[in-house]
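Protein chains: 2
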Amino acid sequence: MAEKVTIATVARHARVSRQTVSNVINAPHIVRPETRQRVQDAIVTLGYRANQAARQMRTGRSRLIAVRIEPTRDGINGSVLDRFLHGLTETAEASGYRVMLYTAADDEREITAYGDLLSTYDLDGFVITGTDHGDPRTAWLAEREIPFVTFGRPWDHPQAHSWVDVDGAAGTAEATGHLIAAGHRHVGFLGWPAGSGVGDDRRAGWRRALLGAGVDPDGLDTGTEDGIAEGARTTRELLGRATPPTALVCASDSLALGALQTLRGAGTTLPVIGFDDTPVAAAIGLSSVSQPLGDAAARCVDLLTDLLDGPHRDPRQVLLRPALVLRHLA
Amino acid sequence: MAEKVTIATVARHARVSRQTVSNVINAPHIVRPETRQRVQDAIVTLGYRANQAARQMRTGRSRLIAVRIEPTRDGINGSVLDRFLHGLTETAEASGYRVMLYTAADDEREITAYGDLLSTYDLDGFVITGTDHGDPRTAWLAEREIPFVTFGRPWDHPQAHSWVDVDGAAGTAEATGHLIAAGHRHVGFLGWPAGSGVGDDRRAGWRRALLGAGVDPDGLDTGTEDGIAEGARTTRELLGRATPPTALVCASDSLALGALQTLRGAGTTLPVIGFDDTPVAAAIGLSSVSQPLGDAAARCVDLLTDLLDGPHRDPRQVLLRPALVLRHLA
Numbered sequence: 001m002a003e004k005v006t007i008a009t010v011a012r013h014a015r016v017s018r019q020t021v022s023n024v025i026n027a028p029h030i031v032r033p034e035t036r037q038r039v040q041d042a043i044v045t046l047g048y049r050a051n052q053a054a055r056q057m058r059t060g061r062s063r064l065i066a067v068r069i070e071p072t073r074d075g076i077n078g079s080v081l082d083r084f085l086h087g088l089t090e091t092a093e094a095s096g097y098r099v100m101l102y103t104a105a106d107d108e109r110e111i112t113a114y115g116d117l118l119s120t121y122d123l124d125g126f127v128i129t130g131t132d133h134g135d136p137r138t139a140w141l142a143e144r145e146i147p148f149v150t151f152g153r154p155w156d157h158p159q160a161h162s163w164v165d166v167d168g169a170a171g172t173a174e175a176t177g178h179l180i181a182a183g184h185r186h187v188g189f190l191g192w193p194a195g196s197g198v199g200d201d202r203r204a205g206w207r208r209a210l211l212g213a214g215v216d217p218d219g220l221d222t223g224t225e226d227g228i229a230e231g232a233r234t235t236r237e238l239l240g241r242a243t244p245p246t247a248l249v250c251a252s253d254s255l256a257l258g259a260l261q262t263l264r265g266a267g268t269t270l271p272v273i274g275f276d277d278t279p280v281a282a283a284i285g286l287s288s289v290s291q292p293l294g295d296a297a298a299r300c301v302d303l304l305t306d307l308l309d310g311p312h313r314d315p316r317q318v319l320l321r322p323a324l325v326l327r328h329l330a
Numbered sequence: 001m002a003e004k005v006t007i008a009t010v011a012r013h014a015r016v017s018r019q020t021v022s023n024v025i026n027a028p029h030i031v032r033p034e035t036r037q038r039v040q041d042a043i044v045t046l047g048y049r050a051n052q053a054a055r056q057m058r059t060g061r062s063r064l065i066a067v068r069i070e071p072t073r074d075g076i077n078g079s080v081l082d083r084f085l086h087g088l089t090e091t092a093e094a095s096g097y098r099v100m101l102y103t104a105a106d107d108e109r110e111i112t113a114y115g116d117l118l119s120t121y122d123l124d125g126f127v128i129t130g131t132d133h134g135d136p137r138t139a140w141l142a143e144r145e146i147p148f149v150t151f152g153r154p155w156d157h158p159q160a161h162s163w164v165d166v167d168g169a170a171g172t173a174e175a176t177g178h179l180i181a182a183g184h185r186h187v188g189f190l191g192w193p194a195g196s197g198v199g200d201d202r203r204a205g206w207r208r209a210l211l212g213a214g215v216d217p218d219g220l221d222t223g224t225e226d227g228i229a230e231g232a233r234t235t236r237e238l239l240g241r242a243t244p245p246t247a248l249v250c251a252s253d254s255l256a257l258g259a260l261q262t263l264r265g266a267g268t269t270l271p272v273i274g275f276d277d278t279p280v281a282a283a284i285g286l287s288s289v290s291q292p293l294g295d296a297a298a299r300c301v302d303l304l305t306d307l308l309d310g311p312h313r314d315p316r317q318v319l320l321r322p323a324l325v326l327r328h329l330a
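Taken in order, these protein sequences are the chains called Z and F.
According to full-length UniProt numbering, the stretch in the first sequence is residues 1 to 330, in order.
According to full-length UniProt numbering, the stretch in the second sequence is residues 1 to 330, in order.
Worth flagging that the hints you see were computed from the coordinates, not collected in a lab.
For clarity, every value in this text was computed on a predicted model and none was experimentally measured.
It cannot be assumed that every hint is accurate.
No copy labels: a pair is met if it fits in one copy or bridges any two.
As the list claims (entries may be wrong) - Mimicking SDA-like on lysine to any residue, the simulated pairs with C-alpha atoms at most 20 Å apart in a straight line are:
id, residue 1, residue 2
1, 4, 327
2, 4, 120
3, 4, 144
4, 4, 44
5, 4, 18
6, 4, 132
7, 4, 90
8, 4, 16
9, 4, 139
10, 4, 134
11, 4, 61
12, 4, 232
13, 4, 178
14, 4, 109
15, 4, 22
16, 4, 152
17, 4, 46
18, 4, 15
19, 4, 41
Starting from the given sequences, assemble the full structure and let the hints guide the process.
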């Protein structure tokens, strides 16, 4: 059997001290790139193993965080979480963490996935996306004192844990305000059915802006499932009302695309503003509310590493402001 | 100090045998869901640690595979790799593997990332995306005998290693054939500059179909960087040629969107077919060639686990056929 490969073997091979090898393994970002590359090459060439285990024993950290990758739906709003995921991976790397993915079709199966992940990879923590009222996932993690941060607010208990979110209401209020400033009063809203945290928040911003301008929002509100077909159908319904809207603010780009389809079919144009600034919006010239996803991802990593460094610190909350991106369709 | 938590402690707490605990850790898919949940709960509750290290020692596997997450470009074609990533995560889970992400701005930095990942997480293997001529990444991995499979062909040496790819030429040939069957002869091609494996492949299918119909493709070919603006500019140039095209096949949906912009601006319509069947194509009714990304991801996992189970097996190659999705714009 070949000689056992130790840190000393690696150090000798790479012509560095054992401390440098240890640094490359435990805190690679503090080692000069050329040296790091040389040491890593030695580690790979010599087949030095069990570093992860050794490091975990020394640091008590796996330096792994997990996040769910969303199933592909219509693909339009899916791009939001993909951009978040990219930002998360990039920022985590800069702090010496790696991102592990998992899938889950619903909350219950997501909790099963937590068990799988924690029992086999000894993860440091989770970034949980898409919170809703009475979220069983955060309850499960909190009960077991597993570090996590959510991208999305705990709608029932705003101070319950660390989270990062985007102020959706500020986004729809700004979109509505823009249309009011352009002379519109009857600004309709294509939203989701009442009851979801995110959906209610986006509706609240639109309502606030209309009420601020002295317009009664009640006859201009709608609630439907997300989707292009649903947006098209709801727009037809809105246009048939006693006081039809002269402009539209939407809770998603999918709904906005549906609205544009109906308007085109009816031979009319109204200004329409979407939400999420997806690639589809950019491609067709649809104005939309843009979430600062890279920033949100970076703050999630900040808050999570904060919890890992000091588990008994108070939870922290970060609410980011979205930006209205104006294009030729509104 | 508290009693050390061992497999026996977990077994006692979950009222199962030690073998069952071991199975939950090493092969969770063979354990009944209720039992698995109970054992995992015990592991998490008792804080049983170092499983990963223990398992690695027993099985020689970390059960982790790594894949790069692409930087966000215009976001239109980005959705292709996002859908691939989702499929990969889902299939890997079913085989007992997890997917770890990394980012890299170019090939050189990607190789640096391999070093980081291998020296700190002891990964089982890599899924490499976006191969090109003389790819330094696969050479680096092959030299070190690190298991990998590529999504994309090694264009210079088709049998060099295991890979999965989609037959792009078959896709553009089918798209061109569809337009020829509809009565077109001068089918133009919006492609990328010659020299890239993927781009040349997509061009080859279009050429083959035109030549098969007795049409000389030379005056109908273009090469430009990917992007909406580039597609718009190239279409203007094509329309000004001696024999302008009466229909267009494109190497990407971004180029196709640019073509549609120019055509709309010029007040004309021609059938246009894109490539990749992105959400944008679906949203605006653009016909496009669709890659079977879920299937491609699943085959990548198959081939990689095959290599892990029998490292000295011959490399295997899988070429999948794309599908032409027809919509109202062509």
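Quick rundown of the hints versus the structure:
no.	hint	result
1	4 x 327	neither (64 Å within a copy, 62 Å between copies)
2	4 x 120	between (26 Å within a copy, 18 Å between copies)
3	4 x 144	between (39 Å within a copy, 19 Å between copies)
4	4 x 44	within (14 Å within a copy, 33 Å between copies)
5	4 x 18	within (16 Å within a copy, 30 Å between copies)
6	4 x 132	neither (52 Å within a copy, 38 Å between copies)
7	4 x 90	neither (35 Å within a copy, 37 Å between copies)
8	4 x 16	within (19 Å within a copy, 36 Å between copies)
9	4 x 139	neither (45 Å within a copy, 27 Å between copies)
10	4 x 134	neither (52 Å within a copy, 35 Å between copies)
11	4 x 61	between (25 Å within a copy, 18 Å between copies)
12	4 x 232	neither (67 Å within a copy, 62 Å between copies)
13	4 x 178	neither (69 Å within a copy, 63 Å between copies)
14	4 x 109	neither (42 Å within a copy, 30 Å between copies)
15	4 x 22	within (17 Å within a copy, 27 Å between copies)
16	4 x 152	neither (48 Å within a copy, 38 Å between copies)
17	4 x 46	within (10 Å within a copy, 33 Å between copies)
18	4 x 15	within (18 Å within a copy, 39 Å between copies)
19	4 x 41	within (17 Å within a copy, 36 Å between copies)
Going through the hint list in order, the structure does not satisfy hints 1, 6, 7, 9, 10, 12, 13, 14, 16.
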